[in-house]
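Peer 1: Below are the chains, spelled out letter by letter.
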Amino acid sequence: MSQLTNEQLERYSRHIILEQVGGKGQKKILSAKVLIIGTGGLGAPAAMYLAAAGVGHIGLVDFDTVDLSNLQRQIIHLTNDVGKAKTQSGRETINAMNPDVQVHAYDEQVTAANIRDIIGDLDYDFIIDGTDNFPAKFLINDACVLMRKPFSHAGIIRFQGQTMTYVPDKSPCYRCVFPKMPPKDAVPTCRQAGVLGVMGGVIGTIQATEALKFVLGIGELLTGYLLTYDALTMTFRKIKIPRNRRCNICGEQPTITELFDYEQPTCSFGR
Amino acid sequence: MIVKVNGENFSAEKSLNIDELLAAVKADQPEYVTVQLNGEFVERADFPKTFLKDGDEIEFLYFMGGGQLVATDK
Chain A
13 MSQLTNEQLE
23 RYSRHIILEQ
33 VGGKGQKKIL
43 SAKVLIIGTG
53 GLGAPAAMYL
63 AAAGVGHIGL
73 VDFDTVDLSN
83 LQRQIIHLTN
93 DVGKAKTQSG
103 RETINAMNPD
113 VQVHAYDEQV
123 TAANIRDIIG
133 DLDYDFIIDG
143 TDNFPAKFLI
153 NDACVLMRKP
163 FSHAGIIRFQ
173 GQTMTYVPDK
183 SPCYRCVFPK
193 MPPKDAVPTC
203 RQAGVLGVMG
213 GVIGTIQATE
223 ALKFVLGIGE
233 LLTGYLLTYD
243 ALTMTFRKIK
253 IPRNRRCNIC
263 GEQPTITELF
273 DYEQPTCSFG
283 R
Chain B
246 MIVKVNGENF
256 SAEKSLNIDE
266 LLAAVKADQP
276 EYVTVQLNGE
286 FVERADFPKT
296 FLKDGDEIEF
306 LYFMGGGQLV
316 ATDK
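First to last, the sequence lines map onto chains A and B.
Remember, my numbering sits 12 above the position in the first sequence when you count from 1.
Remember, my numbering sits 245 above the position in the second sequence when you count from 1.
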């Protein structure tokens, strides 16, 4: 790989002086490919920190446009971006932050029909689930398990968040913990929940940290654990999670061998 | 019986099974919670016959989305 330029040596100097990173690690970051699915509360801060770190290729997947109500937490989007495609708005912010980063935009919703192509487009090294709905979370898990791709799962709600990292063969997957989605007609409470804006910053930044650790091959990933965070009591808990032998996708006798879409439970939310 | 539920002590007069514990702690949407007992997942069908004893550590794990449907423990 080519040498770091003088500008890069300066830009990434605080990385380079880290023993565990160095110039060699920074070059790994510069050639890394990370896919971020959902550029919302979680994906926005994750994308920004990865862009600042110099991740060479960042894929952004989102089908939505920026809404005024997004700006309280989705910090990659600015007031002037309201109405713009989120992938476009994200691309502009990242381009302004760091010219070393190439943004690859996928202006669509992930489905069983397209997710393999999206992940396979650049043969991404690591995937960040920054989505806001369960069908997407199960789909991302299933695609990553079947395609043998590491990914970071996360969810945030109100003052709580949780995250876990999956690495093929080494750790439990999301379905080990949550085997299946509640049937859509059996969801007893269906309400729009609020979220403190900073929750995505805390958890999304942890996801970005996991991506960087994976790329650098340093430290211990959040594999085999579910990290939960309660902002009101400022409590982090790291709950050990075993692999589930009976897991229906990564267990001993998997029943899920093809991707499929769950229906999004229907709720009518007031705005 | 004193057990730990999500890291906090919980005491009851007698040994409870997991269904009874879910009711006793007023778990929200107990039908969707994933239960771990001393680090191992417990099958839903085994909830009624799994009785807890002193010192057991139980984790209730919940789905967490991004602002849509959710169960929480409060």
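Errors might be hidden in some of the hints.
[Stated by the list, open to error] Below, in silico cross-link-like pairs of lysine-lysine (DSS-like), each with a Cα-Cα straight-line distance of 25 Å or less:
id: 1; chain 1: A; residue 1: Lys225; chain 2: A; residue 2: Lys252
id: 2; chain 1: B; residue 1: Lys294; chain 2: A; residue 2: Lys36
id: 3; chain 1: A; residue 1: Lys96; chain 2: A; residue 2: Lys39
id: 4; chain 1: B; residue 1: Lys249; chain 2: A; residue 2: Lys39
id: 5; chain 1: A; residue 1: Lys250; chain 2: A; residue 2: Lys182
id: 6; chain 1: A; residue 1: Lys45; chain 2: B; residue 2: Lys259
id: 7; chain 1: A; residue 1: Lys225; chain 2: B; residue 2: Lys294
id: 8; chain 1: B; residue 1: Lys259; chain 2: A; residue 2: Lys250
id: 9; chain 1: A; residue 1: Lys225; chain 2: A; residue 2: Lys192
id: 10; chain 1: A; residue 1: Lys192; chain 2: B; residue 2: Lys298
id: 11; chain 1: A; residue 1: Lys96; chain 2: A; residue 2: Lys161
id: 12; chain 1: A; residue 1: Lys161; chain 2: A; residue 2: Lys39
id: 13; chain 1: A; residue 1: Lys192; chain 2: B; residue 2: Lys259
id: 14; chain 1: B; residue 1: Lys271; chain 2: A; residue 2: Lys40
id: 15; chain 1: A; residue 1: Lys192; chain 2: A; residue 2: Lys40
id: 16; chain 1: B; residue 1: Lys271; chain 2: A; residue 2: Lys250
Since the hints were made in silico from the structure, they are not lab data.
Peer 1: Enumerate the violated hints, using their earlier numbering and listing them in ascending order.
Peer 2: Hints 2, 3, 4, 6, 7, 8, 9, 10, 11, 13, 14 and 15 contradicted; others consistent.
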